[in-house]
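Visitor: Here is how the chains run, residue by residue.
Number of protein chains: 2
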Amino acid sequence: MLSENIERIRDLIKANDTNELKSILDQLHPADIAELCDELEQEEAQYIYMLLEDETAADVIVELDDEARKEILETTPSETIAKRLDYMDTDDAVELMRDLDENKQEEILSHIEDIEQAGDIVDLLKYDEDTAGGLMGTEMVVVNENLSMPECLKEMRAQAEEMDEIYYVYVIDDEERLRGVFPLKKMITSPSVSKVKHVMKKDPISVKVDTPIDEVAQIIEKYDLVAVPVVDSIGRLVGRITVDDVMDEVREQAEREYQLASGISTDVETDDNIVRQTTARLPWLLIGMLGGICNSMILGNFDSVFLAHKEMALYIPLIGGTGGNVGTQSSALVVQGLANNSLDAKHMFKQIAKESVVALVNAVIISMLVYIYNFVRWGATATVTYSVSISLFAVVMFASIFGTLVPMILERLKIDPAIATGPFITITNDIIGMLIYMGITVMLS
Amino acid sequence: MLSENIERIRDLIKANDTNELKSILDQLHPADIAELCDELEQEEAQYIYMLLEDETAADVIVELDDEARKEILETTPSETIAKRLDYMDTDDAVELMRDLDENKQEEILSHIEDIEQAGDIVDLLKYDEDTAGGLMGTEMVVVNENLSMPECLKEMRAQAEEMDEIYYVYVIDDEERLRGVFPLKKMITSPSVSKVKHVMKKDPISVKVDTPIDEVAQIIEKYDLVAVPVVDSIGRLVGRITVDDVMDEVREQAEREYQLASGISTDVETDDNIVRQTTARLPWLLIGMLGGICNSMILGNFDSVFLAHKEMALYIPLIGGTGGNVGTQSSALVVQGLANNSLDAKHMFKQIAKESVVALVNAVIISMLVYIYNFVRWGATATVTYSVSISLFAVVMFASIFGTLVPMILERLKIDPAIATGPFITITNDIIGMLIYMGITVMLS
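From first to last, the protein sequence lines stand for chains A and B. So the first sequence is numbered by the working numbering: it starts at 1 and just counts up by one. So the second sequence is numbered by the working numbering: it starts at 1 and just counts up by one.
Check before you lean on any hint, since a few could be wrong.
[As the list claims (entries may be wrong)] Using 25 Å as the maximum straight-line C-alpha spacing, the simulated SDA-like pairs for lysine to any residue come out as follows:
hint: 1; chain 1: A; residue 1: 310; chain 2: B; residue 2: 301
hint: 2; chain 1: B; residue 1: 208; chain 2: A; residue 2: 158
hint: 3; chain 1: A; residue 1: 350; chain 2: B; residue 2: 11
hint: 4; chain 1: B; residue 1: 126; chain 2: B; residue 2: 249
hint: 5; chain 1: A; residue 1: 195; chain 2: B; residue 2: 201
hint: 6; chain 1: A; residue 1: 346; chain 2: B; residue 2: 301
hint: 7; chain 1: A; residue 1: 197; chain 2: B; residue 2: 161
hint: 8; chain 1: B; residue 1: 202; chain 2: A; residue 2: 55
hint: 9; chain 1: A; residue 1: 354; chain 2: B; residue 2: 43
hint: 10; chain 1: B; residue 1: 222; chain 2: A; residue 2: 177
hint: 11; chain 1: A; residue 1: 354; chain 2: B; residue 2: 252
hint: 12; chain 1: B; residue 1: 222; chain 2: A; residue 2: 131
hint: 13; chain 1: A; residue 1: 202; chain 2: B; residue 2: 20
hint: 14; chain 1: A; residue 1: 186; chain 2: A; residue 2: 163
hint: 15; chain 1: A; residue 1: 346; chain 2: B; residue 2: 126
hint: 16; chain 1: A; residue 1: 70; chain 2: B; residue 2: 201
hint: 17; chain 1: B; residue 1: 350; chain 2: A; residue 2: 74
hint: 18; chain 1: B; residue 1: 222; chain 2: A; residue 2: 53
hint: 19; chain 1: A; residue 1: 208; chain 2: B; residue 2: 30
hint: 20; chain 1: B; residue 1: 201; chain 2: A; residue 2: 158
hint: 21; chain 1: A; residue 1: 310; chain 2: B; residue 2: 382
Honestly, the hints are just simulated from the structure, not real lab data.
If we strip away everything but chain A, and leave its shape as in the complex, we get (with noise of 0.2 Å):
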């Protein structure tokens, strides 16, 4: 949304003006109401909510950014809030409860009218919110496989009349169980003479209430598909998730390597609480403080280097970074590969083959420039000319192999094997390369 709209929009607020703001609302979409509300101040937001429709309302408050929403539902009476429910699928409904506490949820429960809705939702609430049943819906189209062609038709049309949109039409048998699913396409160009069950296509891919979402992405992802289907554990279809939402996860999903990558251990990015911020970040920063005290007791135990050798020490900065540069490369591409199945764990010493193959390319080239660097600085016999570059070959080539294998074994151990990338990695690699160099330099002195 353009700035002076946004200025605009204000002034209007100031003014008291909800007339003329009513009548811009109603040319926009819900979503791009809800950014409008993100860009206002929180009075602002609450006002521009208070002049929506309730159906209007419903639709905002699912696009809201997290903070936004949560200071929205605090100040709105539990049954606007129940009245606003009434309107959303329950997917997007059980979303918005997880946010609350316990009283509140019961409150709005008991306000809710439809009471199908509020069995939907407290039924829902009960999955883990990480798996399938959490994030699932229950509007869709459901027809018997015994159905004809024109009473499913039929059947399809009642259904449809209360659902914003549909994809799929389910098929079950007489215990409820998911037997076939159709694309819609199917209803204009089937005969109508057939069976529901000779035109569905039989054995859909499915989920499970207990599958883990990333997997759920992953099987949308893979087969192309804009809504599956979820069953229970004797196969009765109970739900269905849709692609939006599965968007949401998968791009999620790679924030948060990026952001274990980073050293930030949850999403905070829209977080204005400082002790949240805090906490997602200190004990990166610690671990990586002792990784540094550590260092200074191992760099301690080398003083008759350094007495010898006293430009050793411009050194260290360079030999460090190094090896954390190296060691985030690789291990950053291991864990991608890893997360979206480029890269399969069985194929480790495949792995570590390639990457020591580019390893080596690169310590080549690094320790060569820096060789030439310090022998026109420091001659061809100073000690400091060789062991820098022989220290340098030595770690990017341990950097790279350590940062290929640790996210690798992780994997097998069935560990995240991103918490294993940036922070860890480049402080261990910052400390075996100071254990190297003192090594290598002792070695040659």
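Assemble chain B onto chain A, guided by the hints.
Guide: Frame of chain A, contents of chain B only:
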């Protein structure tokens, strides 16, 4: 796919048991066959590929890894490729064609029997790969706004026959300009007496052929669409982009940020080519090397400091590492916030203020802890005891503000802020950190 199954398939290939293999492949989804081919050795994958029907082969090749696809395309005759392109959606066909050189492209095009398909592919190849035009396909159901609903249904039926799936029907006027859209749902719920233009949703969300892909992804994500229509400069409907292609884009974009932050300039995850692997990594390593040499020069100018307090050298890794860690955290949060629109470059000072408070808390905690350690180790009067802690405090504050500022300024200058994270921020913070450390020590001595 389970490794036992892969072993079984390997054995069948060795035994040349094509009948059994074909019956296994018949049971598999094309995406699963692609996954299988990615796992197998090149010759084995080739063997499997040759057993497939043209239509399945087309679906499989679309789903293959870049590497595996390239290998298979190189050994498949142009005539066979042409036959398979005929079964693909034009967007998939174009994506595949882009990997081939011009001669091969022309050879394949000359073999495509469906002239319309060939023409569409030629037209689509002209668009820039990173725009909506380069990602769109031409398969869609399009009806004129003046049709009656029964006419429309008939038209849809005819067009849908040739398509895998349809989710929206696009409505155009006599000049082929996009006028509206209706979800398939309307097909079954709308009264048959209406004209298309009275049932459709007017002014649908659309993108232009030259809209950058990341904007297309944002639009599809924001409005929760399953597909978005693409129009040319005068509003004529020329194609559509589906959510599955955009999901790949969302993942790639998030992965790209992470790679840049890790000092990898192009996507080389699955690339076995050593030259490409090296050129993707060496630039940042060389910049890191220059940074390290730069640091050695800076430290070389403070000989007197190290002579007076030789224990100062031991804290070089701690100071450099902490600056790097803090800077990486701050810049990663800003880069992600800017990429997913939760942060706006206009709010630079608000973000810096927020980061400064978090930095202050972290700086105080880290400096205090290190002070206590050094107090015990060197005593309260040693220069190193307070110089290291004061430097750490300054470095954390600087690195945090610098890491926030740089990506925000780049965003304002319309330069991708992701290039600022990782190596650049780490190296700069390392150098500035040394300057701060030396400067403060000189002042305190």
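Visitor: Tell me the numbers of any earlier hints that the structure contravenes, in ascending order.
Guide: Of the numbered hints, 2, 5, 6, 10, 15, 16 do not hold.
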